[in-house]
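Throw the hints in and build the complete structure from the sequences for me.
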Amino acid sequence: MNLILWQTIYLLGGLVVLPFAPFLYIQAYFTRRSIGRIPDAGGPPRGVFENGAERVRLLVLGESTAAGMGARTHETALAGQFAGFLGRRIGKTVEWHVVGRSGITVKETIRDLVPQIPDGEFDYVMLALCGNEVLKLHSPRVFRRDLTALLAILRERYDGVTIFLTNAPAVRLSPVLPQPIRFLLGHLSALHDANAREFTPSIPRVYYFHQPTSVPPDFFADGIHPSEKGYTVWSKRMLEFFEEYYGWRPDLSEKREGV
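Quick note: the sequence shown uses this note's numbering, first residue 72, plus one each step.
Some hints here could point you the wrong way.
Simulated pairs of lysine-lysine, DSS-like, Cα-Cα distance not exceeding 30 Å [unchecked claim]: (1) Lys207 <-> Lys163; (2) Lys163 <-> Lys300; (3) Lys307 <-> Lys178.
Label-pair restraints from in silico Cβ distances [what the hints assert, rightly or not]: (4) Gly294 <-> Gly85: 22 to 28 Å; (5) Glu192 <-> Thr284: 34 to 40 Å; (6) Ala124 <-> Arg243: 43 to 49 Å; (7) Pro93 <-> Val119: 46 to 52 Å; (8) Glu192 <-> Gly294: 53 to 59 Å; (9) Val119 <-> Gln250: 53 to 59 Å; (10) Lys207 <-> Phe101: 17 to 23 Å; (11) Arg216 <-> Gly294: 28 to 34 Å.
Since the hints were made in silico from the structure, they are not lab data.
Ideal placement from N, C-alpha and C gives every residue a C-beta, glycine not left out.
Set out below in C-alpha coordinates:
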(Lines of atoms letter the chains of each structure in order from A and count residues from 1; the text may use other names and numbers.)
(Lines give C-alpha, C1' and ligand atoms only; values in the text may rest on other atoms or scores of the structure.)
Protein backbone atom coordinates (compact mmCIF):
# COMPACT_ATOMS: atom_id res chain seq x y z
CA MET A 1 0.00 0.00 0.00
CA ASN A 2 1.37 3.41 -0.98
CA LEU A 3 0.19 4.93 2.30
CA ILE A 4 2.90 2.97 4.12
CA LEU A 5 5.52 4.33 1.73
CA TRP A 6 4.30 7.93 2.10
CA GLN A 7 4.17 7.60 5.88
CA THR A 8 7.73 6.27 5.88
CA ILE A 9 8.93 9.15 3.69
CA TYR A 10 7.19 11.59 6.05
CA LEU A 11 8.84 10.10 9.15
CA LEU A 12 12.31 9.88 7.60
CA GLY A 13 11.98 13.44 6.32
CA GLY A 14 11.12 14.59 9.83
CA LEU A 15 14.27 13.00 11.20
CA VAL A 16 16.42 14.67 8.55
CA VAL A 17 14.87 18.09 9.13
CA LEU A 18 14.82 17.92 12.95
CA PRO A 19 18.33 19.40 13.49
CA PHE A 20 17.32 22.44 11.40
CA ALA A 21 14.01 22.98 13.19
CA PRO A 22 15.05 26.17 15.07
CA PHE A 23 16.18 27.86 11.83
CA LEU A 24 13.01 26.78 10.01
CA TYR A 25 10.84 28.07 12.85
CA ILE A 26 12.51 31.48 12.73
CA GLN A 27 12.26 31.61 8.94
CA ALA A 28 8.57 30.67 9.08
CA TYR A 29 7.92 33.34 11.73
CA PHE A 30 9.44 36.16 9.69
CA THR A 31 7.85 34.91 6.48
CA ARG A 32 4.41 35.05 8.09
CA ARG A 33 5.10 38.58 9.36
CA SER A 34 6.26 39.79 5.94
CA ILE A 35 3.24 38.34 4.12
CA GLY A 36 0.73 39.67 6.62
CA ARG A 37 -2.90 38.60 6.76
CA ILE A 38 -5.57 39.47 4.23
CA PRO A 39 -9.24 39.35 5.27
CA ASP A 40 -11.78 36.69 4.46
CA ALA A 41 -14.46 37.53 1.91
CA GLY A 42 -17.08 39.99 3.09
CA GLY A 43 -20.82 39.92 2.65
CA PRO A 44 -23.34 37.14 3.25
CA PRO A 45 -21.95 33.58 3.19
CA ARG A 46 -24.74 32.53 0.89
CA GLY A 47 -26.14 33.40 -2.50
CA VAL A 48 -27.93 32.20 -5.60
CA PHE A 49 -26.76 31.77 -9.18
CA GLU A 50 -29.99 32.05 -11.15
CA ASN A 51 -30.33 29.77 -14.15
CA GLY A 52 -33.84 28.43 -14.61
CA ALA A 53 -36.64 26.98 -12.54
CA GLU A 54 -34.86 23.84 -11.34
CA ARG A 55 -32.78 24.43 -8.24
CA VAL A 56 -29.90 22.60 -6.54
CA ARG A 57 -27.98 23.38 -3.35
CA LEU A 58 -24.18 23.66 -3.04
CA LEU A 59 -22.27 23.65 0.26
CA VAL A 60 -18.73 25.04 0.30
CA LEU A 61 -16.98 23.80 3.43
CA GLY A 62 -13.45 24.21 4.71
CA GLU A 63 -10.48 26.47 5.34
CA SER A 64 -9.40 29.93 4.16
CA THR A 65 -10.22 29.35 0.49
CA ALA A 66 -13.74 28.29 1.47
CA ALA A 67 -13.90 31.44 3.59
CA GLY A 68 -12.93 33.42 0.49
CA MET A 69 -9.64 34.87 1.70
CA GLY A 70 -8.27 37.09 -1.06
CA ALA A 71 -11.64 38.13 -2.51
CA ARG A 72 -13.89 41.04 -1.62
CA THR A 73 -17.12 39.01 -1.43
CA HIS A 74 -18.15 35.38 -1.51
CA GLU A 75 -19.71 35.96 -4.92
CA THR A 76 -16.23 36.62 -6.34
CA ALA A 77 -14.57 33.91 -4.22
CA LEU A 78 -14.67 30.12 -4.48
CA ALA A 79 -18.33 29.61 -3.59
CA GLY A 80 -19.82 32.15 -5.97
CA GLN A 81 -17.45 31.38 -8.82
CA PHE A 82 -17.81 27.60 -8.63
CA ALA A 83 -21.59 27.91 -8.27
CA GLY A 84 -21.68 29.95 -11.47
CA PHE A 85 -19.69 27.47 -13.52
CA LEU A 86 -21.65 24.56 -12.04
CA GLY A 87 -25.00 26.22 -12.69
CA ARG A 88 -24.16 26.97 -16.30
CA ARG A 89 -22.94 23.41 -16.83
CA ILE A 90 -25.96 21.66 -15.32
CA GLY A 91 -28.48 24.22 -16.57
CA LYS A 92 -29.97 24.86 -13.13
CA THR A 93 -30.15 27.51 -10.46
CA VAL A 94 -27.54 26.95 -7.73
CA GLU A 95 -28.23 28.06 -4.17
CA TRP A 96 -24.86 28.15 -2.41
CA HIS A 97 -23.85 28.32 1.23
CA VAL A 98 -20.41 28.80 2.80
CA VAL A 99 -19.23 27.35 6.09
CA GLY A 100 -15.55 28.20 6.31
CA ARG A 101 -12.87 29.27 8.75
CA SER A 102 -9.27 30.20 8.13
CA GLY A 103 -6.64 27.99 9.74
CA ILE A 104 -8.89 24.97 10.20
CA THR A 105 -7.87 21.34 9.66
CA VAL A 106 -10.02 18.43 8.51
CA LYS A 107 -10.43 17.13 12.05
CA GLU A 108 -11.38 20.59 13.32
CA THR A 109 -13.84 20.90 10.44
CA ILE A 110 -15.65 17.80 11.69
CA ARG A 111 -15.71 19.15 15.24
CA ASP A 112 -16.41 22.84 14.64
CA LEU A 113 -17.85 23.43 11.17
CA VAL A 114 -20.05 20.42 10.47
CA PRO A 115 -22.41 21.42 13.33
CA GLN A 116 -22.76 24.86 11.65
CA ILE A 117 -23.96 23.51 8.30
CA PRO A 118 -27.41 24.91 7.42
CA ASP A 119 -30.40 22.61 7.63
CA GLY A 120 -31.76 20.87 4.58
CA GLU A 121 -30.38 18.67 1.84
CA PHE A 122 -27.37 19.51 -0.31
CA ASP A 123 -26.90 18.13 -3.81
CA TYR A 124 -23.25 19.17 -4.09
CA VAL A 125 -20.46 19.77 -1.58
CA MET A 126 -17.16 21.48 -2.33
CA LEU A 127 -14.49 20.66 0.28
CA ALA A 128 -11.60 23.14 0.44
CA LEU A 129 -9.12 21.60 2.86
CA CYS A 130 -5.56 20.27 3.34
CA GLY A 131 -3.71 23.60 3.41
CA ASN A 132 -3.45 23.50 7.18
CA GLU A 133 -2.58 19.82 7.16
CA VAL A 134 0.52 20.96 5.27
CA LEU A 135 1.28 23.99 7.44
CA LYS A 136 0.78 22.01 10.65
CA LEU A 137 2.85 19.10 9.31
CA HIS A 138 0.17 16.43 9.56
CA SER A 139 1.19 12.98 8.39
CA PRO A 140 -0.32 11.20 5.35
CA ARG A 141 -1.91 8.66 7.70
CA VAL A 142 -3.63 11.36 9.77
CA PHE A 143 -4.80 13.23 6.67
CA ARG A 144 -6.34 10.11 5.15
CA ARG A 145 -7.99 9.08 8.41
CA ASP A 146 -9.57 12.49 8.98
CA LEU A 147 -10.65 13.08 5.39
CA THR A 148 -12.18 9.60 5.16
CA ALA A 149 -14.18 10.34 8.31
CA LEU A 150 -15.44 13.68 6.97
CA LEU A 151 -16.45 12.16 3.63
CA ALA A 152 -18.36 9.41 5.44
CA ILE A 153 -20.25 11.97 7.53
CA LEU A 154 -21.29 13.99 4.47
CA ARG A 155 -22.25 10.96 2.38
CA GLU A 156 -24.37 9.58 5.22
CA ARG A 157 -26.09 12.91 5.83
CA TYR A 158 -26.85 13.74 2.18
CA ASP A 159 -28.06 10.76 0.19
CA GLY A 160 -26.65 10.78 -3.35
CA VAL A 161 -24.52 13.89 -2.78
CA THR A 162 -21.70 14.70 -5.19
CA ILE A 163 -18.55 15.83 -3.37
CA PHE A 164 -15.82 17.84 -5.06
CA LEU A 165 -12.43 18.32 -3.37
CA THR A 166 -9.98 21.10 -4.07
CA ASN A 167 -6.33 20.18 -4.50
CA ALA A 168 -3.69 19.97 -1.81
CA PRO A 169 -2.06 23.43 -1.87
CA ALA A 170 0.36 24.03 -4.73
CA VAL A 171 3.09 25.25 -2.35
CA ARG A 172 5.81 24.92 -4.98
CA LEU A 173 4.06 27.59 -7.07
CA SER A 174 4.00 30.19 -4.29
CA PRO A 175 6.12 33.23 -5.22
CA VAL A 176 6.52 34.41 -1.61
CA LEU A 177 7.65 31.35 0.34
CA PRO A 178 11.45 31.23 0.69
CA GLN A 179 13.62 28.17 0.42
CA PRO A 180 13.97 25.76 2.13
CA ILE A 181 10.44 26.15 3.54
CA ARG A 182 8.92 26.05 0.07
CA PHE A 183 10.83 22.87 -0.77
CA LEU A 184 9.89 21.08 2.46
CA LEU A 185 6.23 22.08 2.54
CA GLY A 186 5.99 21.46 -1.19
CA HIS A 187 7.10 17.88 -0.75
CA LEU A 188 4.68 17.30 2.12
CA SER A 189 1.85 18.75 0.04
CA ALA A 190 2.82 16.45 -2.82
CA LEU A 191 2.50 13.47 -0.45
CA HIS A 192 -1.01 14.57 0.53
CA ASP A 193 -1.89 15.09 -3.15
CA ALA A 194 -0.74 11.57 -4.05
CA ASN A 195 -2.59 10.23 -1.02
CA ALA A 196 -5.89 11.82 -2.06
CA ARG A 197 -5.42 10.70 -5.65
CA GLU A 198 -5.08 7.10 -4.49
CA PHE A 199 -7.98 6.64 -2.11
CA THR A 200 -10.74 9.03 -3.24
CA PRO A 201 -11.52 7.33 -6.59
CA SER A 202 -12.83 4.28 -4.72
CA ILE A 203 -15.58 6.36 -3.09
CA PRO A 204 -18.68 6.88 -5.28
CA ARG A 205 -19.40 10.46 -6.37
CA VAL A 206 -16.22 11.88 -4.80
CA TYR A 207 -13.94 13.85 -7.15
CA TYR A 208 -10.53 15.20 -6.18
CA PHE A 209 -8.83 17.94 -8.22
CA HIS A 210 -5.18 17.05 -8.80
CA GLN A 211 -2.55 19.55 -7.74
CA PRO A 212 -1.86 21.95 -10.64
CA THR A 213 1.62 22.35 -12.09
CA SER A 214 1.14 25.97 -13.19
CA VAL A 215 -1.08 28.98 -12.53
CA PRO A 216 -1.36 32.37 -14.27
CA PRO A 217 0.79 35.26 -12.96
CA ASP A 218 -2.18 37.02 -11.33
CA PHE A 219 -3.54 33.89 -9.64
CA PHE A 220 -2.48 34.87 -6.10
CA ALA A 221 -3.71 37.74 -3.95
CA ASP A 222 -0.87 37.52 -1.42
CA GLY A 223 1.39 34.85 -2.87
CA ILE A 224 -0.51 32.09 -1.07
CA HIS A 225 -4.28 32.59 -1.40
CA PRO A 226 -6.09 33.08 -4.72
CA SER A 227 -7.12 36.50 -5.96
CA GLU A 228 -10.58 37.04 -7.42
CA LYS A 229 -9.09 36.21 -10.82
CA GLY A 230 -7.48 33.17 -9.22
CA TYR A 231 -10.80 31.92 -7.85
CA THR A 232 -12.34 32.27 -11.30
CA VAL A 233 -9.53 30.36 -13.02
CA TRP A 234 -9.44 27.71 -10.29
CA SER A 235 -13.20 27.09 -10.32
CA LYS A 236 -13.30 26.78 -14.10
CA ARG A 237 -10.30 24.44 -14.20
CA MET A 238 -11.72 22.22 -11.50
CA LEU A 239 -15.08 21.67 -13.16
CA GLU A 240 -13.40 21.00 -16.50
CA PHE A 241 -11.04 18.52 -14.84
CA PHE A 242 -13.86 16.64 -13.12
CA GLU A 243 -15.49 16.13 -16.49
CA GLU A 244 -12.39 15.32 -18.51
CA TYR A 245 -10.57 13.09 -16.01
CA TYR A 246 -13.37 11.39 -14.11
CA GLY A 247 -16.09 11.55 -16.73
CA TRP A 248 -18.35 13.47 -14.34
CA ARG A 249 -21.48 14.87 -15.91
CA PRO A 250 -24.74 16.29 -14.54
CA ASP A 251 -26.69 13.07 -15.13
CA LEU A 252 -23.96 10.80 -13.76
CA SER A 253 -25.40 7.89 -11.83
CA GLU A 254 -23.96 6.51 -8.62
CA LYS A 255 -21.73 4.18 -10.60
CA ARG A 256 -18.46 5.92 -11.39
CA GLU A 257 -17.52 6.04 -15.01
CA GLY A 258 -14.54 7.22 -17.03
CA VAL A 259 -11.80 6.94 -14.39
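Status of the hints after comparison with the structure:
no. : hint                          : result
1   : Lys207 <-> Lys163             : violated (39 Å)
2   : Lys163 <-> Lys300             : holds (24 Å)
3   : Lys307 <-> Lys178             : holds (28 Å)
4   : Gly294 <-> Gly85: 22 to 28 Å  : holds (26 Å)
5   : Glu192 <-> Thr284: 34 to 40 Å : holds (36 Å)
6   : Ala124 <-> Arg243: 43 to 49 Å : holds (45 Å)
7   : Pro93 <-> Val119: 46 to 52 Å  : holds (51 Å)
8   : Glu192 <-> Gly294: 53 to 59 Å : violated (38 Å)
9   : Val119 <-> Gln250: 53 to 59 Å : violated (45 Å)
10  : Lys207 <-> Phe101: 17 to 23 Å : holds (19 Å)
11  : Arg216 <-> Gly294: 28 to 34 Å : holds (31 Å)
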